[in-house]
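Enquirer: Sequence:
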Amino acid sequence: MASLNTAPSKPDAAPAATAAPRRRRRLDLHERPELILVPAVFVVVVLAWQFLTVPLGIKEYVLPRPTQILDAFVAQLGSPAFWSNVRVTVTEALTGFVIAAVGAILVGTFVAQVRVVERTVMPYVVAIQTIPKVAIAPLMVVWFGFGAESKIIMAAVIAFFPVLVNVIAGLKSADADKVEMLTSFGASKFQIFRMVRLPSALPFIFAGLDIGVVFSILGAIVGEFIGAKEGLGYQLLQANYNFDIPGLFAVLLALSVLGIVAHLIVRYANRRIVFWNSGDRGGAH
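If you count the sequence shown from 1, position 57 lands on 57 in UniProt numbering, and the numbers rise without skipping.
If you're looking for bench data, these hints aren't it; they were derived computationally from the structure. Hints are not guaranteed to be accurate.
In silico BS3-like links for lysine-lysine, alpha-carbon gap of 30 Å or less [unchecked claim]: (1) Lys-133 / Lys-59; (2) Lys-172 / Lys-189; (3) Lys-133 / Lys-189; (4) Lys-178 / Lys-189.
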């Protein structure tokens with residue numbers, strides 16, 4: 001008879017186990033409405049664009065319909081020249097981004113540790129940042145030529161400042177109480193940096209990298225506008241000269257895809273490395 005008073009059988013527990021994921025999925029959609037709103041807005045805008053251009057009398061050579069842009073984009077995907085231009089632009093942007101990220105992290109770390117250096121260097125950095133980068137692009141071509149070097153330097157220059165600002169802000173955001181506690185226990189500056197300042201700065205650093213990686217693509221395109229014989233920027237100019245407006249939009253679509261992919265890669269690295277900061281906080285944007 002004692003065996004009749006045992007715990008509930010497995011079939012009885014199964015519905016409760018399967019109900020929890022369902023409630024969790026409904027809760028996710030309730031707490032994150034953007035999961036529905038983002039694609040919904042995209043669909044509405046594309047449909048309005050598709051079906052209102054003709055009634056509004058907008059010419060195709062002014063604003064082609066999304067289906068025409070999609071056809072041009074699919075045609076580009078089958079072109080070896082398009083993939084060659086993608087490779088050139090990605091290589092320039094990625095190289096410039098790496099240079100900017102490494103340089104900004106090193107300079108930002110040094111500046112944040114020495115106050116007199118920060119007060120001396122930052123006014124010049126801000127002054128340089130206020131100069132429109134399009135204005136200095138011709139100088140990059142004069143100094144570094146029409147090859148990939150001028151585009152890489154241009155990408156690095158544009159991506160450098162947002163990473164630098166976030167590195168400095170992150171390192172200065174360390175908890176003063178933790179720093180004082182470790183100092184009282186005799187910790188060295190390197191130990192304080194490794195255990196307190198760097199973990200506090202990582203969310204800020206990745207926020208800067210997220211901006212910088214997109215800016216590096218922009219820098220490469222700006223450099224290709226000034227002087228290039230290959231790359232997506234060069235292809236944009238060629239489409240403009242040939243009055244190929246659907247082809248021009250197709251290249252813009254490709255650039256958008258590249259930017260989104262780069263953004264998602266940085267976000268993925270952020271989640272894997274800064275796993276304790278899942279709320280996407282911080283960042284001196």
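Enquirer: Hint by hint, say whether it matches the structure.
Expert: Going down the list of hints, with the structure as the test:
A hinted pair counts as satisfied when its Cα atoms are at most 30 Å apart, and Lys-133 with Lys-59 does not qualify at roughly 33 Å. As the CA atoms of Lys-172 and Lys-189 are separated by approximately 14 Å, the hinted pair is consistent with the 30 Å bound. Proximity of Lys-133 to Lys-189 is assessed by CA-CA distance (about 37 Å); at most 30 Å being required, the pair is judged violated. About 13 Å separates the Cα atoms of Lys-178 and Lys-189, which keeps this hinted pair within 30 Å; it holds.
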